[in-house]
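Listed here are the chains, written in short residue letters.
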Amino acid sequence: MAGTKHIQTLSVNASTKHLAQVRDFVAAHAESIGLSSKEISEIRLAVDEAYTNIIKHAYKNAPTEKVSIEIGSDSSKLWISLMDEGKSFDPSSYSNPDLKKRIKEKKRGGMGVYLIKKLMDQVQYNRKGETNEIRMVKNL
Amino acid sequence: MKNFSIATRQQNNVSILDISGELDAHTASHLENALKSLIDEESYAIIVNCSGLDYIASAGLGVFMAYIEDVRSLGGDIKLTNMNDRVYNVFDLLGFPTLYDILEDEREALQSFRN
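Protein chains in written order, with my numbering: chain A, 1 to 140; chain B, 1 to 115.
Just to be clear, a hint being listed does not mean it is correct.
What the hints assert, rightly or not - In silico EDC-like links for lysine to aspartate or glutamate, alpha-carbon gap of 20 angstroms or less: (1) A:101 with B:69; (2) A:104 with B:106; (3) A:104 with B:32; (4) A:17 with A:90; (5) A:117 with B:77; (6) A:138 with A:24; (7) A:138 with A:31; (8) A:101 with B:101; (9) A:100 with B:92; (10) A:56 with A:90; (11) A:56 with B:32; (12) A:104 with B:77; (13) A:104 with B:101.
Read the hints as simulated data drawn from the structure, not as lab findings.
Given the sequences, and given the hints that come with them, work out the whole structure.
Next comes the structure, spelled out in C-alpha cells:
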C-alpha cells in the first residue's frame, strides 16, 4: 500500500517499569509491517535507550512524569518519536564513549545515544516550546 | 521482575551466574546485586552464562563496566558465555569483545580460569 501511513501512539509514565511495554509496542508495529527480526531487534533497542535516557536524564527518575511515543511508517521509512517536557538534551555536548577509559574510571552509561545512532539511519533532537522530541528514522 | 531471572551456582571454585530474560534499566539492579554479593563473598572468578538471555540494553552492559576493574584488580575476572547472536551484537557494537573475555561456551570459560 504505497503512500499509506500507519501511525500509533502510546503515553506512559517515565518509569523503567514500563520499558518492556514500550519495547513491545514498537516491536508490534514493526512486525505488523513485515520488518525482519534483525530490524525489529534494532528498533526495540533504540526505543529502549531513548526512553531510558528520558527517565534518567530529562526527568531524573520522576515516575509521575509523562512520555509520549509515536511510531509511524510508510513505504520508505519507519519513524519513532519520543516526547517529554523535562530537561532538554544538547546533542552537541555529546561525544562517543571511550569504553576502555570508562571501565578504568568505573563509569557506566553514556552509551545509549551512541547505540541509537548505530541502530537507526537518522536521529534528530527538536525542542518545541516546553517539549523535547527525539525522532529516530529507519529507512526501509 | 518477571521478565528477568538470575541463579548462582559454583563449580571448581568458579561462581556461575545464569541469567535469563530481558536485561534493561529496570532489571539491571538484579544483576548488580548478584555481582556485588559474589564480590562481598570474595568470589572473584565469575562466569555469566547468557544462554537464557533474550535481550540486553546498555544499562545491562553498564553493570559489567562498573565491576570488571575491581574484580580484575583482585585477581579474578568476569567472563561472559553462551550469548545468542542478537545479544552478542549489542556487546560488539559497543566494543566489548576487545576488553572482555566473551566465550562461546561455559566449559571454555571454566577451562580458561584453570590456566
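Structure-based check of each hint:
A threshold of 20 angstroms between alpha carbons decides the hint, and for residue 101 (chain A) with residue 69 (chain B) the separation of about 11 angstroms falls inside it, so the pair holds. Distance check on the hinted pair: residue 104 (chain A) and residue 106 (chain B) sit about 26 angstroms apart at the alpha-carbon level, beyond 20 angstroms; violated. This hinted pair checks out: residue 104 (chain A) and residue 32 (chain B) have alpha carbons roughly 18 angstroms apart, not beyond 20 angstroms. About 26 angstroms separates the Cα atoms of residue 17 (chain A) and residue 90 (chain A), which puts this hinted pair outside 20 angstroms; it is violated.
A C-alpha spacing of about 31 angstroms is found between residue 117 (chain A) and residue 77 (chain B), which places the hinted pair above 20 angstroms, so the restraint is violated. Straight-line distance between C-alpha atoms of residue 138 (chain A) and residue 24 (chain A) comes to about 17 angstroms, which keeps the hinted pair within the 20 angstroms bound. The straight-line distance between the Cα atoms of residue 138 (chain A) and residue 31 (chain A) is roughly 14 angstroms, inside the 20 angstroms bound, and the hint therefore holds. Distance restraint check for residue 101 (chain A) and residue 101 (chain B): the Cα-Cα separation of roughly 17 angstroms lies within the 20 angstroms cut-off, and the hinted pair is therefore satisfied.
A threshold of 20 angstroms between alpha carbons decides the hint, and for residue 100 (chain A) with residue 92 (chain B) the separation of about 14 angstroms falls inside it, so the pair holds. The straight-line distance between the Cα atoms of residue 56 (chain A) and residue 90 (chain A) is roughly 15 angstroms, inside the 20 angstroms bound, and the hint therefore holds. Restraint check for residue 56 (chain A) and residue 32 (chain B): satisfied, since their Cα atoms lie roughly 18 angstroms apart, inside the 20 angstroms limit. Distance check on the hinted pair: residue 104 (chain A) and residue 77 (chain B) sit about 14 angstroms apart at the alpha-carbon level, within 20 angstroms; holds.
A C-alpha spacing of about 16 angstroms is found between residue 104 (chain A) and residue 101 (chain B), which places the hinted pair at or below 20 angstroms, so the restraint holds.
Hints 2, 4 and 5 from the earlier list are contradicted by this structure; the remaining hints agree with it.
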